[in-house]
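Student: Chain residues, written in single-letter form:
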Amino acid sequence: MKASIICALLLLSVALVSSTPVRAGAFVFSSGTAPELIAHPSTYLGNGGDINVRVCIAPGSESITEMQVAVQNSVTIWNRQQAASPNVFLGGNNDIPTGAVDFESTLTHELGHCIGLAHPNEATESGLPAADRDYTKTAPGPNGVRDLDPGSDGIRGSADDLRGDDINLHWFNIGSNNPFVLTEPVDASTYSRDLGNLPLTDTFAANADRTVAADLGFPGTEAVMQQGAFTDEDQRQLATDDIATLRLGMAGLDRSAGTGDDYRPVLVFDGVGDDCDITVQLTGTSFAFCSIGAVPINGNSNHVRVTNALVQLGSNSSFNWHFNQNPVVVLDEVFFVDGFED
Amino acid sequence: MDRSKSVFSLCLLVVLALILPASGAMAQTLVYEREFSLLAEADNTLRITLSADDGIVIERPAFMTWPGHYESSAAAGSHARLSRQLAGLLPLTRQLDAEINQRARNEMVYVSDPEYTRFMLLDSQRQPVDAVEMPSLQAWSANFPDDVRLRLLLELESQWTALMDDVLAGEQP
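Those protein sequence lines, which keep their order, are chains H and A.
Here the first sequence stands for residues 1 to 342, numbered as in the numbering used here.
Here the second sequence stands for residues 1001 to 1173, numbered as in the numbering used here.
Excised from the complex, chain H in its bound form (with noise of 0.2 Å):
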């Protein structure tokens, strides 16, 4: 009886597991039957310029005074697209107290999902274990299950990963499959999904995990998107795969920059209020999620557009965050965060 119990238990576990669906690319709403799907950001409708996304502050919010400057500085550094590295700072190194967990950190990440972006590793979507998460985004292929293998190197997320028939759906640079890298112009001409244009020494598209990060030599490095946080870490600050991977949303429907369909997400902080693009609130018993909706964009299937968004973060009562009161400083070109510019 016990055991006819475990081995439904298992079946309907692999049942689960199997039936999960790959929600997310390195753009949200990708996945194995639409690999190419490009999400953008709720205000382009398809023509070009400067897009302006609200940004708000739910009014029925908890410490809607102490987040005000961590919002403000997570809606700068998107708009500011500099990448800095390294960007990950933990310990000692930060001004965040042992045991907590940083409010901006978290909010730049989620706001990242609201403008369209996925996370590039499998992340727990993937309904993987805890140690396998770090593999760069994939939808399973034929053979129904994603196929791991971290190389010769033992790194997951690697350029030498063996991924069988896996679907890849991370953007990278072709020829070089370097997130830690920009490779201009940003767009469908330098960028790709097919595993086909990857160097000829790589098996994989490479992801940019902080394992990765220092094994391509740039050490406290990894996105912002990457799914897996840590208590005491600040990641305040865009790693160049966040921004190769928003810019090429930007280059638009066409996927061409410089064309005119090109666009410039631009974020604007419009304190408390419930009629934004992006709503912002702190609440509740989850850690952290962004909500989105989304439709296509003027009958493009794989263009879309989120429709709207809600970040929320967990309640005060549930989590220990820390809520930075240092904004971002903005000299000409030069810019730093919390003081460390000393």
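In short, the hints are calculated from the structure, not lab data.
All of these numbers come straight from a predicted model, not from anything done at the bench.
Treat the hints with care, as some may be off.
Unchecked claim - Derived CB-CB ranges, DEER-like:
hint, chain 1, residue 1, chain 2, residue 2, range
1, H, G164, A, R1094, 25 to 33 Å
2, H, P142, A, A1162, 45 to 53 Å
3, A, A1042, H, S176, 29 to 37 Å
Stated by the list, open to error - Listed below are several chain H residues computed to face chain A (Cβ distance under 8 Å; list not exhaustive):
hint, residue
4, S63
5, L216
6, T231
Stated by the list, open to error - Stretch by stretch, here's where chain A covers chain H in the computed footprint (C-beta under 8 Å, at least three residues):
hint, stretch
7, 95–107
8, 122–132
9, 219–230
10, 287–297
11, 314–323
The beta carbon of each residue, even a glycine, is placed where N, CA and C say it ideally should be.
Starting from the known structure of chain H, arrange chain A on it as the hints suggest.
Tutor: Then chain A, alone, in the frame of chain H:
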């Protein structure tokens, strides 16, 4: 007389049928888990264990307020009440995750960074007898308020949270 005997026997069978599974459930441990999977810490799971005698153990990871290990007693009858509620939800929620995912695809709704709510019944060897797991329960409930299964799971979760809050309230100065 024979008729009385057979009625009595039938009654006895019914009573046994009611008592035996209930006593079996009472011998089992109930567990509520919330895995905050965006955090890659080795310990990223809130866990509440409720034993048959209503003893309660709470384990809160370091990034939560009031982190640590707490042992106390829940209100009498808590185990029996939550056992019944879980048993009632099991048949309703077998396909819930898959159906929510399908609905999300159809309606183009996305929730990032799933975290996992689990309600489990463990036997005396702490092996799962039955379980319900639902990712992003709070977020999907907000997106699909018409889904009664999500609402019922959310209500069950809030009862576990209330048990925990009672214990934590007793710990605070």
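Student: Against each hint, give a clear statement of whether it holds in the structure.
Tutor: How the hints compare with the structure:
Between G164 (chain H) and R1094 (chain A) the C-beta distance comes to about 31 Å, which sits within the given range of 25 to 33 Å. A beta carbon spacing of about 48 Å between P142 (chain H) and A1162 (chain A) agrees with the range 45 to 53 Å that was offered as a hint. For A1042 (chain A) and S176 (chain H), the Cβ-Cβ distance of about 34 Å falls inside the hinted range of 29 to 37 Å, so the restraint holds. The restraint placing S63 (chain H) at the interface with chain A is violated, with a minimum CB-CB distance near 13 Å, outside the 8 Å limit.
Hint on L216 (chain H) is violated. Least Cβ distance to chain A is approximately 20 Å, over the 8 Å limit. Because the smallest distance between the Cβ of T231 (chain H) and any Cβ of chain A comes to about 5 Å, under 8 Å, the interface hint for this residue holds. Remark: the stretch 95–107 of chain H is confirmed as covered by chain A, as 4 of its residues place a Cβ nearer than 8 Å to a Cβ of that chain, reaching the required three. Residue count for the stretch 122–132 of chain H with a Cβ under 8 Å from a Cβ of chain A: 4. That meets the three needed, and the coverage hint holds.
Remark: the stretch 219–230 of chain H is confirmed as covered by chain A, as 4 of its residues place a Cβ nearer than 8 Å to a Cβ of that chain, reaching the required three. With 9 residues having a Cβ less than 8 Å from any Cβ of chain A, the stretch 287–297 of chain H passes the three-residue criterion, so the hint holds. Here the stretch 314–323 of chain H counts 5 residues with a CB under 8 Å from a CB of chain A, which clears the bar of 3, and the coverage holds.
Comparing the model with each numbered hint stated earlier shows that hints 4, 5 do not hold.
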